[in-house]
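Asks: Protein sequence lines correspond, in order, to chains A, B, C and D. Residue numbers for the first sequence follow the working numbering, so the first one is 1 and each next one is one higher. Residue numbers for the second sequence follow the working numbering, so the first one is 1001 and each next one is one higher. Residue numbers for the third sequence follow the working numbering, so the first one is 2001 and each next one is one higher. Residue numbers for the fourth sequence follow the working numbering, so the first one is 3001 and each next one is one higher.
Hints were generated in silico from the structure; no laboratory data involved. Remember, predicted model here, so these are calculated numbers, not experimental data. Beta carbons are placed, not taken as given, at the ideal position from N, Cα and C, and that holds for glycine. Do not rely on the hints blindly, as some may be mistaken.
Stated by the list, open to error - Computed spacing ranges between beta-carbons, pair by pair: (1) D/P3139 / C/E2103: 36 to 46 Å; (2) A/D17 / C/S2048: 49 to 59 Å; (3) D/P3139 / B/E1200: 30 to 40 Å; (4) A/D20 / B/G1121: 18 to 28 Å.
Said to hold, decoys possible - Think about it this way: if two alpha-carbon atoms lie no more than 35 Å apart in a straight line, the pair counts; the simulated DSBU-like pairs of lysine-lysine are: (5) D/K3138 / B/K1139; (6) C/K2138 / A/K4; (7) C/K2155 / B/K1073; (8) C/K2155 / D/K3050; (9) D/K3003 / A/K139; (10) A/K139 / C/K2155; (11) B/K1036 / B/K1139; (12) A/K123 / D/K3003; (13) B/K1036 / D/K3003.
What the hints assert, rightly or not - Which bits of chain C does chain A cover? Going by a derived footprint, with three or more residues having C-beta under 8 Å, they are: (14) 2015–2025; (15) 2080–2086; (16) 2116–2128; (17) 2162–2172.
Listed here are the chains, written in short residue letters.
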Amino acid sequence: MSAKLSNAQIAWRAAQDIEDGTYVNLGIGFPEMVAKFQPEGRQAIFHTENGVLNFGEAPAAGEEDWDLINAGKKAITLRPGAAFFHHADSFAMVRGGHLDVAILGAYEVAENGDLANWSTGPKGVPAVGGAMDLVHGAKRVAVITDHVTKDGKPKLVQRCTLPLTGVGCVTRVYTSLAVVDIEGGRFVLREKLPSLSIDELQAVTGAELVLPPQIGDLVAPEL
Amino acid sequence: MSAKLSNAQIAWRAAQDIEDGTYVNLGIGFPEMVAKFQPEGRQAIFHTENGVLNFGEAPAAGEEDWDLINAGKKAITLRPGAAFFHHADSFAMVRGGHLDVAILGAYEVAENGDLANWSTGPKGVPAVGGAMDLVHGAKRVAVITDHVTKDGKPKLVQRCTLPLTGVGCVTRVYTSLAVVDIEGGRFVLREKLPSLSIDELQAVTGAELVLPPQIGDLVAPEL
Amino acid sequence: MDKTLANLEAAVGGIEDGMTVMIGGFGGSGAPIELIHALVDRFQRTGSPKNLTVVNNNAGNGRVGLAAMIDAGMVGKMICSFPRSADPRAFTEKYLAGEIALELVPQGTLAERIRAAGAGIPAFYTPTSYGTDLAVGKPTAEFDGRHYVQERWLKADVALLKAELGDRMGNLTYRKAARNFSPLMAAAASRTIVQVSRLVEPGAIDPEQVITPSIFVDGVVEVADAQQEEALMRQGVAHVG
Amino acid sequence: MDKTLANLEAAVGGIEDGMTVMIGGFGGSGAPIELIHALVDRFQRTGSPKNLTVVNNNAGNGRVGLAAMIDAGMVGKMICSFPRSADPRAFTEKYLAGEIALELVPQGTLAERIRAAGAGIPAFYTPTSYGTDLAVGKPTAEFDGRHYVQERWLKADVALLKAELGDRMGNLTYRKAARNFSPLMAAAASRTIVQVSRLVEPGAIDPEQVITPSIFVDGVVEVADAQQEEALMRQGVAHVG
Chain A
1 MSAKLSNAQI AWRAAQDIED GTYVNLGIGF PEMVAKFQPE GRQAIFHTEN GVLNFGEAPA
61 AGEEDWDLIN AGKKAITLRP GAAFFHHADS FAMVRGGHLD VAILGAYEVA ENGDLANWST
121 GPKGVPAVGG AMDLVHGAKR VAVITDHVTK DGKPKLVQRC TLPLTGVGCV TRVYTSLAVV
181 DIEGGRFVLR EKLPSLSIDE LQAVTGAELV LPPQIGDLVA PEL
Chain B
1001 MSAKLSNAQI AWRAAQDIED GTYVNLGIGF PEMVAKFQPE GRQAIFHTEN GVLNFGEAPA
1061 AGEEDWDLIN AGKKAITLRP GAAFFHHADS FAMVRGGHLD VAILGAYEVA ENGDLANWST
1121 GPKGVPAVGG AMDLVHGAKR VAVITDHVTK DGKPKLVQRC TLPLTGVGCV TRVYTSLAVV
1181 DIEGGRFVLR EKLPSLSIDE LQAVTGAELV LPPQIGDLVA PEL
Chain C
2001 MDKTLANLEA AVGGIEDGMT VMIGGFGGSG APIELIHALV DRFQRTGSPK NLTVVNNNAG
2061 NGRVGLAAMI DAGMVGKMIC SFPRSADPRA FTEKYLAGEI ALELVPQGTL AERIRAAGAG
2121 IPAFYTPTSY GTDLAVGKPT AEFDGRHYVQ ERWLKADVAL LKAELGDRMG NLTYRKAARN
2181 FSPLMAAAAS RTIVQVSRLV EPGAIDPEQV ITPSIFVDGV VEVADAQQEE ALMRQGVAHV
2241 G
Chain D
3001 MDKTLANLEA AVGGIEDGMT VMIGGFGGSG APIELIHALV DRFQRTGSPK NLTVVNNNAG
3061 NGRVGLAAMI DAGMVGKMIC SFPRSADPRA FTEKYLAGEI ALELVPQGTL AERIRAAGAG
3121 IPAFYTPTSY GTDLAVGKPT AEFDGRHYVQ ERWLKADVAL LKAELGDRMG NLTYRKAARN
3181 FSPLMAAAAS RTIVQVSRLV EPGAIDPEQV ITPSIFVDGV VEVADAQQEE ALMRQGVAHV
3241 G
């Protein structure tokens, strides 16, 4: 088992499931990359916690307006039909279930849908941001992540060991090796790399993969 | 005992206690009259529940814009420095303690500060509007009222018999005969008509009037 | 993305028997008269939707708008703060005859319950109505020595609103005090339908001046010469569908 | 009515030891740098105000603004959602040395707690943080089969904010995403002081475009060429008072 999707390819795969006209929040860092791969002809509207709806890509270097940033404090631009609003309205959009999709990173995802993505433990300075709000807000909460940690340990687990971000909130995980749905407290395998056997995938997954009759090939273009 | 202040004079007296630069809500109906008697050189900013701050007097007949009304559904105008906002923000101003003064009408006011001004009982169609919010919002809740009902019964009572608008909320009552503060669960007489003896006033008041050393003369201009 | 709807008939097409419908406006200010009348017309034609629960600050005035809905017999229950008006016949008659139910809610609590629904807040505490008949049966709690009533969010299946500018994505502005409950209702309803006095292209509204962002809006329909309830009422107009 | 203040020194004059101070901004966007620096300067000159509790989304970046306050040793506690930044030295050093306390609050809960304070809502329920370490010790409740955490309002003695236009009565607009927490904080603080990039006369701001109505504002001071925290941080500027 050596082949795996790059981060860009994971982001590309996640982007394929975003329908035209949906409202989407992308977590700061890696998930932001999903915006780059919107399929032709589909228009998603991106939300950022700090009060902007329908922002676009980063401005050219030197063109930044530091009053116009996203939740990751990066400079952004606006698309036609954008809106500004204050933080309570912004999290009304989140908590009130108005976002269609949130795509977040993960340290661990459990088969019961629990997510740990904000704290690696008691050391250092803890910081949570909007993660705990997002996991309970969007109609669909998806995770994009490498299938295993840098040490090769499973990130898809039976129960999270790190501090939780949210309970039973994740419904789909896009990894470097597979697409896995969380249904009824189980990981259900939807797609895997064609080069990878189910046994190989199960070996790097920390909980049992339920195998439906149809398992698709996870294929992404070179990016 | 025949002399008493007219409604206009009661409203005039209440207006004398409104300081420059204060934010004021006047209940619909009789209390709206208070706005007419703002003392020269003082500027109060009037709030209406339906989302306008710093409105002015009624427009000339025929000049009404029915999208620009007050809580009583009467046409209003704007003063420089006005603002529009939605109903939740409007009642944030009320409930959040941002208004300096609310002046309301009353069916009954009790010596413990309870107010009844929204329902005369189970008959007919009940309607509450913003009264129950206002009594718990403004820093100072005052009542303007005739001292007695049309039948001559006291409106200042030991305990309200009509359905309450709010508990322990009123701090001052301007009547056709007197100005009475509510302090420590008692009516404290501050001013009375000079022509009226204390015994005469007590006789038309439904609870004991506490008499401080100084009791002012309640005098209002002809209006 | 284009949320514009073909016409008023299409705009009110998804409203079914028994639904909870929020209607924007405070008295006539902000009342979406054309949407309401399209719904009344549909009811007169088809007998549906009926037995609606309607959320509005008031309960109609005269013989147009919400009053026409009540007159038509489509409304099973009103949730409002002030079911009185210059001409409250429609509601009063049905209420006194026991043909319409009433949930009376203090105005600020009504606004906050709607706001809470849109914001994903299932319950909150307010001092409003503590110790009164309108708090009977509701949980209470003490915070910092003061008493409060627990109130629940108020959601709706559909909101029918009136806005001034609306772009094709659903961003809205309002005219003067016609804003009132509408931005709250837009967020509290599963489906939010808006009649806009002028339909514009995305980008035509300054992002800093958007009052209701597009995420809260499902459909917009242009009604260029919208009627004003108060004016209709004063003219004695009756809408019988 | 004229709420304009003579200068920055007067603007920060009422802030005393031990107070809770809300500071507008999300990162550098909306940070009232000149007000903050005036407060740091006052502290360096007089030793007061100290032991402040500061409410902000973050905990400073670089050596300016909130970071400069923390560096100066004026801040006893931070209430924030994300005490990390491109250059978080100021907070990190003091936090790891045990010299500053931290109350970590999820960002949406932080916003809603501040909003609740301004709206007179002492407590509300949110799904956010249920079942996590950040909900430990908080009351929970079930509504319609879902679990929620009870959160309390968050008030302040003073709010220091930055706005774009401000009139002499205190009506405000904001610039782009610099709005963020400021309209909420304006309502949640006993005393709200605002640096405005342009001071105008009442009437100059369209009433429909006012974002913070004057009732929430106690003082405005014009800072015509306001600095931007992110730009200062990138230039490596340090404010030592």
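Asks: Hints first: check each against the structure and report whether it holds.
Replies: So, going through the hints one by one against the coordinates:
{"no.": "1", "hint": "D/P3139 / C/E2103: 36 to 46 Å", "in the structure": "violated (27 Å)"}
{"no.": "2", "hint": "A/D17 / C/S2048: 49 to 59 Å", "in the structure": "violated (37 Å)"}
{"no.": "3", "hint": "D/P3139 / B/E1200: 30 to 40 Å", "in the structure": "violated (55 Å)"}
{"no.": "4", "hint": "A/D20 / B/G1121: 18 to 28 Å", "in the structure": "violated (58 Å)"}
{"no.": "5", "hint": "D/K3138 / B/K1139", "in the structure": "holds (30 Å)"}
{"no.": "6", "hint": "C/K2138 / A/K4", "in the structure": "violated (57 Å)"}
{"no.": "7", "hint": "C/K2155 / B/K1073", "in the structure": "holds (26 Å)"}
{"no.": "8", "hint": "C/K2155 / D/K3050", "in the structure": "violated (46 Å)"}
{"no.": "9", "hint": "D/K3003 / A/K139", "in the structure": "violated (45 Å)"}
{"no.": "10", "hint": "A/K139 / C/K2155", "in the structure": "holds (17 Å)"}
{"no.": "11", "hint": "B/K1036 / B/K1139", "in the structure": "holds (22 Å)"}
{"no.": "12", "hint": "A/K123 / D/K3003", "in the structure": "violated (46 Å)"}
{"no.": "13", "hint": "B/K1036 / D/K3003", "in the structure": "holds (25 Å)"}
{"no.": "14", "hint": "2015–2025", "in the structure": "violated (count 0)"}
{"no.": "15", "hint": "2080–2086", "in the structure": "violated (count 0)"}
{"no.": "16", "hint": "2116–2128", "in the structure": "holds (count 5)"}
{"no.": "17", "hint": "2162–2172", "in the structure": "holds (count 4)"}
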